[in-house]
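Trainee: Turn these sequences into a full structure, and let the hints steer you where they fit.
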Amino acid sequence: MTLKIVGIILILLIVIIYIAMYIIRRNHYKSIDELDSKKSIVMDYFPADKIQAINDKSMAGQSRETAEELKKQWDQIETKQFPTIESLLFEAEQATDRYRFKKARYHEEQAESKISEIKNDLNNLNAALDELMQREEANLKKIESIKKRYHMIRKDLLAKSFSFGKAVDALEDKLGTMETDFSTFSHLTAAGDHEEANLLLKQLEKTIASMEKYMTDIPKILKKMDNEILEQIEELESGYRSLLEEGYRFPDDSIKEEIAQAYVKLESVNSFLGSLEVEKAEEMIKELEDKIEQVYDNLEVEIRAKTEVKELVIQIRKIFHYLKEQNRKLFIEIDRLSQSYLLYRDEMNEATQTQEIIAEQEKQYMKINEELAEENIPFSEASQLLNAIFDHLQEMNEKTNITSQHLSDYRKSEIEIKQDLEEMEIAMREMKRYVESRHLPGLPSEYLEFFFYTTDHIEQLSQSLAKPKLDMTEVFTLHELCEEDVEQLAHDTDELVDQAMLSELVSQRLYRYKSEHSEVIETIKYSRSLFSEDFDYQTSLQMVRDKLESIEPGAFEEVQKQYRKEKNFS
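The sequence shown begins at 16 in my numbering and counts up by one.
Read the hints as simulated data drawn from the structure, not as lab findings.
Keep in mind the model is a prediction, meaning the values are calculated, not measured.
Ideal placement from N, C-alpha and C gives every residue a C-beta, glycine not left out.
Check each hint, because a few of them may be wrong.
30 Å max Cα-Cα, derived DSSO-like pairs, lysine-lysine [said to hold, decoys possible]:
# : residue 1 : residue 2
1 : 382       : 325
2 : 295       : 306
3 : 228       : 157
Computed beta-carbon distance windows for the label pairs [claimed, not checked]:
# : residue 1 : residue 2 : range
4 : 403       : 484       : 38 to 46 Å
5 : 309       : 218       : 37 to 45 Å
6 : 272       : 402       : 25 to 33 Å
7 : 243       : 416       : 51 to 59 Å
Mentor: What follows is the structure, encoded as structure tokens:
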């Protein structure tokens, strides 16, 4: 039974394999047939008729060489490439017959690639053959177009020769060269060398295009030269001469040379046009325009400077008059104040230096005026010098104003310090009454010494202010010392009274605890001894404060807070 099943399976496998092999072979045969059909279609591209037509056509030179090259390409396709396809298809069919499907697939792929390659080569060959066959006709059409353009240029050149200046001869030479090329073209065409004729035709197309550009550009350049550039140069030359006659002078006087160079550049433009170097001519015109603009700017600078110089001359003359008058008044004020004050800012020296600088600037101003009157200096240079003088005079005016302000500060400072002195004396008296009103048993020696020390400084300041000629440096020094001393004394006075008052208040608060704490009485007695006998209010307060805080923490802050409240209220 088992053998029977195995036999059936084997038979089925054989059948399946046979069927599979049959299908694969059939597919390969089908593929080979399709490739053979493609090969047949490619044969339709064979240019046999065109090759025959070229053989029948009379050709020479480059055309003949091109035709021979194309025939070689055809021979290569017909005798070598095409048979290769047939060989590959045959090999594919043989491999299929022998069930060598992998090899068959390889040959089929090679054949398909070769068919595509040959088809592409045939397309290119056909196109090249068509172009070669039509070259003569295409050349003749193009030459007719070029000749029409040539005759139009010839006509315009004859009718408007004056519009091309020196370029006429070069343009005529170009036209003559074209006539020779036309004749050469005719010979090449008659000889059947259409390829060489085509190369010459391309050169003629370039030549005619450049000629048309010359015919457009050159008249425009010449018109610009005559109507704009030349007129501007002549205008500059005329304007320059007029300005010289009006008394203008120019730095380095290079304008005359620049105008002469402009005429030279104009000739260079004409020379470039005569040799048809249009780009160089245009570059030279751009240089000319820039140079003309620069010269115009230089002239404009001097014209504007003349107006500015006229205004500055008048302004500076007025400023000199004003400053000299201000300086004269300053010397009078310095002389007057020097009788009452020792001047500590060197005002006299400052005023003298200002006077000298003004005198020096006035000399320069007069020299510039002389050179202007004699027409020996460019207005732009005069403008710079006068502006420098104007700036110096502005600086001197500021210095004079500062010195004048310093002088007015002497009297102002004296009045302010005298007012401060009076206020400090009142403050000293009020501090003395304040301390006395507290009925203290006495005052610490350090406080008394500082009080009398401050009093002495105030007295010294009063004596210094009473002098017939005030030394303000000394006055300022004493005034600063007095302000600091009085401020410190006021602080010390408040602190002293506060310590004394708080000592008594804290002692009263501490006294409440005499029963619970036997040492309280002793502390209070010792504190009172320091208070009444040594007038050491600070230590007296410290003793009772520390004791109170040890018994009732935070109590001192309450006492102090209440004291300040009552003090501010009173």
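Trainee: A separate judgement is required for each hint: does it hold in the structure or not?
Mentor: Taking the hints in turn, this is what the structure says about them:
The suggested pairing of residue 382 with residue 325 holds, with an alpha-carbon distance near 15 Å, which does not exceed 30 Å. At roughly 16 Å between alpha-carbon atoms, residue 295 and residue 306 fall within 30 Å of each other, so this suggested pair holds. As the CA atoms of residue 228 and residue 157 are separated by approximately 19 Å, the hinted pair is consistent with the 30 Å bound. Checked against the hint of 38 to 46 Å, the C-beta distance between residue 403 and residue 484 comes to roughly 42 Å, which is consistent with it.
A hinted range of 37 to 45 Å holds for the C-beta pair residue 309 and residue 218, which are about 44 Å apart. For residue 272 paired with residue 402, a C-beta distance near 29 Å keeps the hint of 25 to 33 Å intact. At about 56 Å, the CB distance of residue 243 to residue 416 agrees with the hint of 51 to 59 Å.
When each numbered hint is compared with the structure, no violation occurs for any of them.
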